[in-house]
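A.B. asks: Letter by letter, the chains look like this.
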Amino acid sequence: MKNQWIEFYRGLVTVKASGKGIERFINALTRSGINIWNVKNHGTQSVTFKMKLEDAKKIRSHARNSDCRIEFLRRTGAPFLMKRLLKNSGFAAGALAFVVVILLLSNMVWGIEIKGANPATEYQIIKELDKMGVKKGKMQFFVDNVESIQRTLSNNIEAITWVGVELKGTTYHLQVVEKNEPEKPEYLSPRHLVAKKKAVIVEMFVEEGRPVVEIHDHVQPGQLLVSGIIGKEGQTETVPSKGEVFGETWYKSEVILPLKSTFKVFSGNEKVKHSITIGNLEIPVWGFGKPGFEEYELEENKKVVKFLKWELPVSYVNKTFREREQVTRIYSNKEALDAAKDLARKKIKSSLDENAKVKGEKVLHQSIDNGKVTIAIHFQIIENIAEGQPIIQGDSE
Amino acid sequence: MAKKWGQFVRGWMTKNMELPQDVMMDLPRITMIGQIHIYIENHRGLLAFSDKELRLLLKQGQLLIRGKAFVIKTILPEEILLEGKIDSVTYITDTD
Chain U
1 MKNQWIEFYR GLVTVKASGK GIERFINALT RSGINIWNVK NHGTQSVTFK
51 MKLEDAKKIR SHARNSDCRI EFLRRTGAPF LMKRLLKNSG FAAGALAFVV
101 VILLLSNMVW GIEIKGANPA TEYQIIKELD KMGVKKGKMQ FFVDNVESIQ
151 RTLSNNIEAI TWVGVELKGT TYHLQVVEKN EPEKPEYLSP RHLVAKKKAV
201 IVEMFVEEGR PVVEIHDHVQ PGQLLVSGII GKEGQTETVP SKGEVFGETW
251 YKSEVILPLK STFKVFSGNE KVKHSITIGN LEIPVWGFGK PGFEEYELEE
301 NKKVVKFLKW ELPVSYVNKT FREREQVTRI YSNKEALDAA KDLARKKIKS
351 SLDENAKVKG EKVLHQSIDN GKVTIAIHFQ IIENIAEGQP IIQGDSE
Chain V
1 MAKKWGQFVR GWMTKNMELP QDVMMDLPRI TMIGQIHIYI ENHRGLLAFS
51 DKELRLLLKQ GQLLIRGKAF VIKTILPEEI LLEGKIDSVT YITDTD
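From first to last, the protein sequence lines stand for chains U and V.
Start counting the first sequence at 1; every next residue gets the next number (our numbering).
Start counting the second sequence at 1; every next residue gets the next number (our numbering).
Treat the hints as calculated values from the structure; they're not laboratory data.
Glycine is no exception: its CB is placed at the ideal position from the N, C-alpha and C atoms.
Be a bit skeptical, because a hint or two may be false.
As the list claims (entries may be wrong) - Calculated pairs, DSSO-like style, for lysine-lysine (alpha carbon to alpha carbon, straight line, at most 30 Å): (1) Lys52(V) to Lys50(U); (2) Lys127(U) to Lys306(U); (3) Lys20(U) to Lys52(V).
What the hints assert, rightly or not - Here's a subset of chain U near chain V, in silico, CB distances under 7 Å, partners left out: (4) Ile26; (5) Thr30; (6) Arg31; (7) Trp37; (8) Val39; (9) Lys40; (10) Asn41; (11) Gln45; (12) Val177; (13) Glu244.
Generate coordinates for the entire structure from the input sequences, incorporating the hints supplied.
C.D. replies: So this is what it looks like as structure tokens:
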């Protein structure tokens, strides 16, 4: 028998023939080369059989010549299946659209949660995030990665010391540590102010307490500057003394700087490659060929496509090749000295309070040998040297 | 007279030249598989078909098949495959 699967792909019809002379009709069909099969008798004078779809048109002329009436009962096979599929394609399209929508929504930013910031900083952070494009409803593919958000935030916002950015599902969680924590009201206990380090007093602003030293006095570390005990003898009272005592202090800074140094800089040339990875297979989308740089730094940005809470093995990869160049810097002797002084100043400033001032500097010693500059500078700094020292009750009496 | 002579020649040839009879003499070749299948080659057309009976025209005479639940699985101009429960296969020949 024939393989009916092939017929299935081309389509077949079930035909019902009824009337007199069915046998003659069937003979006529077979003789004219029409294949029929599964001939079944259904009661008197009626027969059903199957035939190819392409023969369905030929059958009519044969039927007209005989006394039979024919009727097409069922259409089966691929052509009809296709037709039905096309008719019901709305469902398939709907299902596809559903998956696509879920996929899109799974890869959107749905929330930004900021913890540990006061309202003002929070507003600032939100504005900064807005500028970067981190917004509700944005696709995660077009948003910078977590590290760069973190970097940009901590660079651009003065008020924060550190920010931890974490992407959990569709929500960015930001953990903020502010530089100046909301100021706690000070409840000072009675105290003296004493000197932090060896200095010569230059200026004094005493808000509360009794100053015991004067300008131009030379003080030693731990020496009492402002007493917290006020009032006449016998009627003393202890107060939390408050104030600033500026003293001239001295620092010595030593810097060693090589005359010749090499370091790496980016030339500014870069090449970006976009690709989509499925499992281990990487399909380039845009940016082909080799970077063309001899030395480069590769920054890879990978965005995993998520579906609901699962991560698909599909991801979008963005590679940036940045050209790197080696630069050799050679200082002349004079330049080297200037640079070393500059460095020394910077070093001192970074170790001091904000309100400290450099009053004067004096190069103690400088030498150039073995390709290195060694310089020692003495700095005169004016800074607040007052430090609180609590008055213990037993002491004061 | 000529027809009888032609038949005689064919009969003689098949006997002496060992040729298959169905080819030479237009006889039906019937293959049966138990009671369920019957395969008939060299028929000359359908005469009657119902689910209990199938009558086929042959070169000479007719073939009558009786049984139950007949279904013609395939029908070609000279071949037919019948399925069902076959009870009897009878040759009907005109008396000549």
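A.B. asks: It remains to establish, for every hint, whether it holds in the given structure.
C.D. replies: Each hint, compared with the structure:
Among the hinted pairs, Lys52(V) with Lys50(U) is consistent with the structure: their alpha-carbon atoms are about 20 Å apart, no more than 30 Å. The straight-line distance between the Cα atoms of Lys127(U) and Lys306(U) is roughly 27 Å, inside the 30 Å bound, and the hint therefore holds. A distance of roughly 18 Å separates the Cα atoms of Lys20(U) and Lys52(V); the hinted pair therefore holds under the 30 Å criterion. For Ile26(U), the shortest C-beta to C-beta distance to chain V is roughly 5 Å, which falls under 7 Å, so the interface hint holds.
At its closest, the beta carbon of Thr30(U) sits 5 Å from a beta carbon of chain V; the interface hint therefore holds under the 7 Å criterion. Taking 7 Å as the C-beta cut-off, the interface hint given for Arg31(U) holds, the closest approach to chain V being about 5 Å. The closest approach between the C-beta of Trp37(U) and any C-beta of chain V is roughly 5 Å, which is under the 7 Å cut-off, so the hint is satisfied. A least Cβ separation of about 3 Å between Val39(U) and chain V falls short of the 7 Å threshold, and the interface hint therefore holds.
A hinted interface residue such as Lys40(U) counts as satisfied when its beta carbon comes closer than 7 Å to some beta carbon of chain V; here the least separation is about 5 Å, so the hint holds. With a least beta-carbon distance of about 4 Å to chain V, the hint placing Asn41(U) at the interface is held under the 7 Å criterion. Hint on Gln45(U) is violated. Least Cβ distance to chain V is approximately 10 Å, over the 7 Å limit. Residue-level restraint check for Val177(U) is violated (minimum Cβ-Cβ distance to chain V is 85 Å; threshold 7 Å).
Because the closest C-beta pair between Glu244(U) and chain V is about 112 Å apart, greater than 7 Å, the hint is violated.
Hint compliance for this structure: hints 11, 12, 13 are not met, and every other hint is.
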